[in-house]
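With the sequences and hints as input, model every part of the structure.
In the order they appear, the protein sequences are chains A and B. Going by the UniProt record's numbering, the first residue of the first sequence is number 1, and it counts up by one from there. Going by the UniProt record's numbering, the first residue of the second sequence is number 1, and it counts up by one from there.
It is worth saying that the hints were derived from the structure and are not from the lab. Be aware that one or more of the hints could be misleading.
Simulated pairs of lysine-lysine, BS3-like, Cα-Cα distance not exceeding 27 Å [to be verified]:
hint: 1; chain 1: B; residue 1: Lys107; chain 2: A; residue 2: Lys95
hint: 2; chain 1: B; residue 1: Lys204; chain 2: B; residue 2: Lys225
hint: 3; chain 1: A; residue 1: Lys258; chain 2: A; residue 2: Lys95
hint: 4; chain 1: B; residue 1: Lys107; chain 2: B; residue 2: Lys165
hint: 5; chain 1: A; residue 1: Lys107; chain 2: A; residue 2: Lys95
hint: 6; chain 1: B; residue 1: Lys165; chain 2: A; residue 2: Lys107
hint: 7; chain 1: A; residue 1: Lys95; chain 2: B; residue 2: Lys165
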Amino acid sequence: MVSSTLARILPPEPEAPPAPPVLAVSSLAKTFGERAVLRDVSLVAYRGEVTALIGANGTGKSTLLRALVRLVEPDSGRVMMLGQDVRTLDRAALKAFRSRVGFVFQKHNLVGRLSVLTNVVHGVQARMSGPRSWHHALAPAAIREEAMACLAAVGLADRALQRADSLSGGQSQRVAIARMLMQRPEFVLADEPDASLDPRAGRELMELLYRLAHDKGLVMISHRMEHTLRFSDRIIGLAGGIVALALETRHAHADQLKAFFDRPAGFSHAEDESPYG
Amino acid sequence: MADLTAPMRWERPNALSFTIGVVVFAFVIWSFSSVGLSLERIVRGIPALGSMLERMFPPDIERLPRILEQLLITFQMALVGCILGLVLAFPISVLAAEGLSPHPVLKHAARALIALFRTVPDLVWALLFVIAVGLGPAAGVMAIMVDKIGFAGRFFAEAMEEADKGPQEALATIGATRTGLIFSAVVPLALPSFVATSLFSLEKAVRGSVILGLVGAGGIGVELKVAFDLFNYDTAATIILTIFALVIAVEQASNVIRRRLI
Ligand SMILES: Nc1ncnc2c1ncn2[C@@H]1O[C@H](COP(=O)(O)OP(=O)(O)O)[C@@H](O)[C@H]1O
Ligand SMILES: [Mg+2]
Numbered sequence: 001m002v003s004s005t006l007a008r009i010l011p012p013e014p015e016a017p018p019a020p021p022v023l024a025v026s027s028l029a030k031t032f033g034e035r036a037v038l039r040d041v042s043l044v045a046y047r048g049e050v051t052a053l054i055g056a057n058g059t060g061k062s063t064l065l066r067a068l069v070r071l072v073e074p075d076s077g078r079v080m081m082l083g084q085d086v087r088t089l090d091r092a093a094l095k096a097f098r099s100r101v102g103f104v105f106q107k108h109n110l111v112g113r114l115s116v117l118t119n120v121v122h123g124v125q126a127r128m129s130g131p132r133s134w135h136h137a138l139a140p141a142a143i144r145e146e147a148m149a150c151l152a153a154v155g156l157a158d159r160a161l162q163r164a165d166s167l168s169g170g171q172s173q174r175v176a177i178a179r180m181l182m183q184r185p186e187f188v189l190a191d192e193p194d195a196s197l198d199p200r201a202g203r204e205l206m207e208l209l210y211r212l213a214h215d216k217g218l219v220m221i222s223h224r225m226e227h228t229l230r231f232s233d234r235i236i237g238l239a240g241g242i243v244a245l246a247l248e249t250r251h252a253h254a255d256q257l258k259a260f261f262d263r264p265a266g267f268s269h270a271e272d273e274s275p276y277g
Numbered sequence: 001m002a003d004l005t006a007p008m009r010w011e012r013p014n015a016l017s018f019t020i021g022v023v024v025f026a027f028v029i030w031s032f033s034s035v036g037l038s039l040e041r042i043v044r045g046i047p048a049l050g051s052m053l054e055r056m057f058p059p060d061i062e063r064l065p066r067i068l069e070q071l072l073i074t075f076q077m078a079l080v081g082c083i084l085g086l087v088l089a090f091p092i093s094v095l096a097a098e099g100l101s102p103h104p105v106l107k108h109a110a111r112a113l114i115a116l117f118r119t120v121p122d123l124v125w126a127l128l129f130v131i132a133v134g135l136g137p138a139a140g141v142m143a144i145m146v147d148k149i150g151f152a153g154r155f156f157a158e159a160m161e162e163a164d165k166g167p168q169e170a171l172a173t174i175g176a177t178r179t180g181l182i183f184s185a186v187v188p189l190a191l192p193s194f195v196a197t198s199l200f201s202l203e204k205a206v207r208g209s210v211i212l213g214l215v216g217a218g219g220i221g222v223e224l225k226v227a228f229d230l231f232n233y234d235t236a237a238t239i240i241l242t243i244f245a246l247v248i249a250v251e252q253a254s255n256v257i258r259r260r261l262i
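This is the structure we're talking about:
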């Protein structure tokens with residue numbers, strides 16, 4: 001009796017020692033002027049898992065994600081990622097570290113006048129510099145083939161020579177993912193990659209990102225609750241500059257998460273009520 | 001109740017703006033009297049102008065081969081000076097551009113150089129280079145080159161500063177070098193502006209190169225000066241017409257290129 005109850009309460013004996021977290025943030029803080037956006041944020045994320053970061057508009061989700069690769073410089077705290085103490089890295093080491101982390105932005109950030117293939121080839125600048133990384137026509141054969149494979153992985157191999165600005169929003173975002181794959185990242189961060197897409201393109205994009213990145217490890221932000229529930233293993237909720245919620249997605253209830261989303265699926269109230277149409 | 005009387009038609013100027021207005025007005029009047037322009041002088045000039053025009057026609061085409069040869073040299077001078085200027089303007093503009101310059105000291109130095117090259121007129125550069133490298137097209141090429149570094153350097157830098165920051169941030173996040181960022185994102189984004197600036201530079205250079213000849217920096221300008229000095233107005237007419245044709249041709253060609261590339 002007693003032993004079976006205990007067995008249910010105590011965690012099962014681990015078969016192998018647990019893998020160390022690939023990302024461990026402790027006591028991270030960032031203030032913009034007067035505004036303390038991040039006060040004391042601590043969290044961990046593991047290889048092979050998807051962590052969803054949630055929180056109402058303006059709670060500092062983007063700031064946190066950008067602080068991990070020092071696109072925003074944190075004021076204090078510690079970021080351990082891929083075995084590096086990120087805040088202590090000098091310029092050259094930071095560059096090398098960033099090349100190991102894929103980052104997908106809300107905007108696709110492609111160079112519109114260049115071809116899709118050239119935009120994907122740019123991802124090789126993580127490990128190669130000089131003219132051969134600037135344009136597909138100058139790139140070595142192996143790089144061009146790898147770029148085509150990355151394009152094929154996002155289903156756009158037939159668009160290789162089209163200009164990037166001729167693509168739809170969803171296609172552009174997929175090219176951005178192909179460029180990220182070209183980087184051969186060991187870990188991926190994604191800041192609302194589905195935000196500027198219509199619901200269907202948004203879901204397809206999240207499916208693709210999940211398929212291509214979840215085995216590496218992914219920390220993502222999505223303002224759509226259904227995407228958060230469907231494409232994550234853990235959920236971390238930010239509020240008031242601290243982690244106010246941390247749980248496994250399979251234990252999460254929609255009611256519990258509502259407070260962390262301030263927009264109903266799709267559009268904001270402001271846009272619905274705009275008198276300017 | 002709101003006050004329904006109409007507001008004053010004009011706002012009453014304050015003492016300072018009134019004083020400035022009076023001083024500027026007085027200066028303009030004085031300038032007119034200083035330059036010695038009078039209706040009488042213009043009227044008296046008309047017969048002289050008329051007789052010169054009369055002596056210009058028919059244009060003398062006897063020296064046409066020589067003129068065309070000099071016109072070609074003028075164009076080549078403009079082309080070479082312009083290409084050298086544009087090629088040098090690019091690295092200088094990178095050093096001068098906010099956000100791309102590797103160091104603030106370099107940025108200020110590059111900006112000062114561009115400002116110097118831009119504000120000193122090309123005719124002054126031509127005079128200096130005629131002294132330095134002697135009479136002839138080489139001096140003209142140098143003058144055009146310096147002038148174009150000043151002109152294009154400024155516009156290249158502005159175009160690069162205005163380029164969308166998104167792709168640059170994405171590449172920086174990948175771990176790209178500054179050079180990679182410039183050639184993969186900034187230059188492609190600024191390219192239409194670069195092309196427009198370059199074509200405009202060439203048009204300016206062709207017009208400018210004619211004048212440079214007047215101070216001995218080579219080309220058709222020398223011929224024009226000689227023709228006027230010897231009162232060979234009919235030869236001068238031929239020269240002016242060929243210059244006119246060249247300038248129009250270059251402008252048309254550059255319009256075609258602009259439309260196709262941008
Ligand atoms: N570079 C910045 N300078 C000043 N304030 C900023 C900057 N970046 C973000 N903020 C502010 O920090 C807060 C959090 O922003 P953000 O991290 O983008 O929130 P979220 O992504 O959760 O919507 C906002 O109030 C925003 O205005
Ligand atoms: Mg955000």
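Here is what the structure says about each hint:
| no. | hint | in the structure |
| --- | --- | --- |
| 1 | Lys107/B with Lys95/A | 24 Å, holds |
| 2 | Lys204/B with Lys225/B | 20 Å, holds |
| 3 | Lys258/A with Lys95/A | 38 Å, violated |
| 4 | Lys107/B with Lys165/B | 19 Å, holds |
| 5 | Lys107/A with Lys95/A | 22 Å, holds |
| 6 | Lys165/B with Lys107/A | 11 Å, holds |
| 7 | Lys95/A with Lys165/B | 18 Å, holds |
The structure fails to meet hint 3 from the earlier list, while all remaining hints are met.
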